[in-house]
Structure formats: C-alpha cells, structure tokens
Amino acid sequence: MVHFELRSFLNVVNRVFMASMTCAFACGGGLVGIIMGAIKGQTTETGLVRGSCVGAITGAITALQIMDMMADGEPFSKAALLHSLLNGKVFFEWVSPAVLKAYQWQASAMEMSLSFTDIFDTDNNGSRGLSEDKINKLPIRIFENLSMMAQRDEELNECVICLQDFKNKEEGRELPSCRHIFHLKCIDDWLIRQSSCPICRRDV
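The working numbering puts the first residue of the sequence shown at 1, with every later residue one more than the last.
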C-alpha cells in the first residue's frame with residue numbers, strides 16, 4: 001500500500017514537472033520568437049506586429065519540439081537542461097534559427113504574391129484593356145507542324161500565360177506589334193484588362 005501511494009505520488013510529481021517544463025519551454029520559445037520576429041519585422045516590409053506574431057508561433061512550436069527531443073533522446077543531462085533553460089541559451093541557439101527560416105519563408109511568399117499581383121494589376125500603371133471589337137480584329141493563327149516549329153524556336157512550344165503546350169489545329173492569337181503568340185482565350189482575357197503584351201510589355 002505504501003509503495004503504491006509512493007509510486008502514485010512520484011507519478012504526479014513527474015507530470016507536474018513535465019507540465020511545468022513544457023509551459024516554460026513554450027513561453028521561453030515564444031518570448032525569444034517575439035524578439036527575433038520583431039527585429040526582423042522592423043527592418044523589412046512585414047512590420048513589427050506581424051513579425052512578432054510569426055516569431056511567437058514559430059518559437060513556441062520549436063521550443064516544444066526541443067522538449068520532445070530531450071524527453072525522447074535525452075541529449076542533455078537534467079542539470080545541463082536546467083542551466084540552459086535558466087540562462088536562455090537553449091532558446092537562442094535553437095529557436096532563433098527556426099524563427100529566421102520561418103521569416104525568410106514568409107518574406108519569399110510575400111515577394112511572390114506581390115510580383116504575381118503586379119502582373120495582373122491594371123489600376124496602378126494607368127494602362128487600360130482593349131475593347132472586344134479591337135481584340136477580335138487581331139490576327140488568329142492556326143497551329144500546324146508544331147514539332148518543326150519547336151525545333152526552330154522553343155518559345156513557340158507553349159503559351160506563357162497558362163504554361164500549356166500548343167496543340168496542332170488549335171487556334172491562337174498573334175500580337176501584331178511583337179509577333180508573340182498565345183492561346184486564343186488566354187490572350188483575349190488578358191487584353192480585356194491589359195493592352196500590352198504579357199511578355200515584352202509592348203503596346204498592342
């Protein structure tokens with residue numbers, strides 16, 4: 001009976017200890033993440049608040065992953081773990097690189113999103129699309145002998161708007177100003193919003 005009560009007490013103590021350590025790791029990782037994210041956010045377009053949020057989430061998750069690694073593999077002794085926890089070394093060594101990677105990923109995603117938006121944005125450059133009558137007057141081209149054409153010019157192999165290959169007997173439209181060719185529907189939809197070639201930006 002005494003052994004059972006002692007074992008139950010030790011289990012409770014162990015659970016409380018693990019819960020406390022998990023909470024401490026999550027809070028510590030989140031705090032370091034906030035600091036690192038705020039620093040990176042302040043120096044770039046993401047901003048202080050958004051950078052702090054990204055850093056806090058990434059830092060907390062990374063800290064919990066470190067906790068799981070230590071619980072499973074025990075790479076550090078308990079004394080070394082407590083010492084690293086108290087002086088914050090474990091957080092800065094592990095959490096900071098993870099926050100920077102997450103921040104770099106977010107910055108790359110924002111750059112891709114902005115570049116994609118700029119391609120289709122017609123309000124900022126002052127260029128208006130063409131009317132349907134003007135679009136319908138542009139020359140139509142029937143794709144024939146594509147294999148021979150592709151050998152001479154690799155750019156004739158696919159439409160740069162949808163990135164799909166041209167097919168034999170398929171209708172396309174050729175822009176008279178630059179001679180670039182696209183799928184009929186692709187370029188018509190483009191010209192309704194934008195009056196320039198999507199490749200060279202020359203006015204149609």
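Keep in mind that the hints were calculated from the coordinates and are not lab data.
Please read all numbers here as calculations on a predicted model, not as lab measurements.
Treat the hints with care, since some could be wrong.
To be verified - Each computed PhoX-like pair below joins lysine-lysine, with the alpha-carbon atoms no more than 20 Å apart: (1) K185 / K134; (2) K167 / K185; (3) K185 / K169.
Stated by the list, open to error - The calculated label-pair distances, taken between Cβ atoms and stated as ranges, are: (4) N136 / E158: 21 to 29 Å; (5) L163 / D203: 21 to 29 Å; (6) D203 / Q164: 21 to 29 Å; (7) K185 / R128: 19 to 27 Å; (8) S131 / C178: 48 to 56 Å; (9) C23 / R193: 24 to 32 Å.
Beta carbons: idealized from backbone N, C-alpha and C, even for Gly.
* **D203 versus Q164 beta-carbon gap, inside 21 to 29 Å or not** => Between D203 and Q164, where Cβ atoms are some 26 Å apart, the hint holds.
* Taken at face value, is the distance from the CA of K185 to the CA of K167 at most 20 Å? -> holds (14 Å)
* **48 to 56 Å as the expected CB spacing between C178 and S131, which holds or is violated** => With a Cβ separation near 20 Å, S131 and C178 fall outside 48 to 56 Å, so the hint is violated.
* Determine whether the Cβ-Cβ distance between C23 and R193 falls within the hinted range of 24 to 32 Å. => Violated, at about 53 Å.
* Status of the given 21 to 29 Å range, CB of E158 versus CB of N136 -> With Cβ atoms ~24 Å apart, the hint holds.
* Asked: Are K185 and K169 close enough, with their CA atoms no more than 20 Å apart?
  -> holds (15 Å)
* Do the beta carbons of K185 and R128 sit within 19 to 27 Å of each other? -> Given range 19 to 27 Å: holds, Cβ gap about 20 Å.
* **Verdict for L163, D203 (Cβ pair) under range 21 to 29 Å** => holds (24 Å)
* Within 20 Å, alpha carbon to alpha carbon, are K185 and K134? -> holds (15 Å)
Comparing the model with each earlier hint shows violations of hints 8, 9; every other hint is respected.
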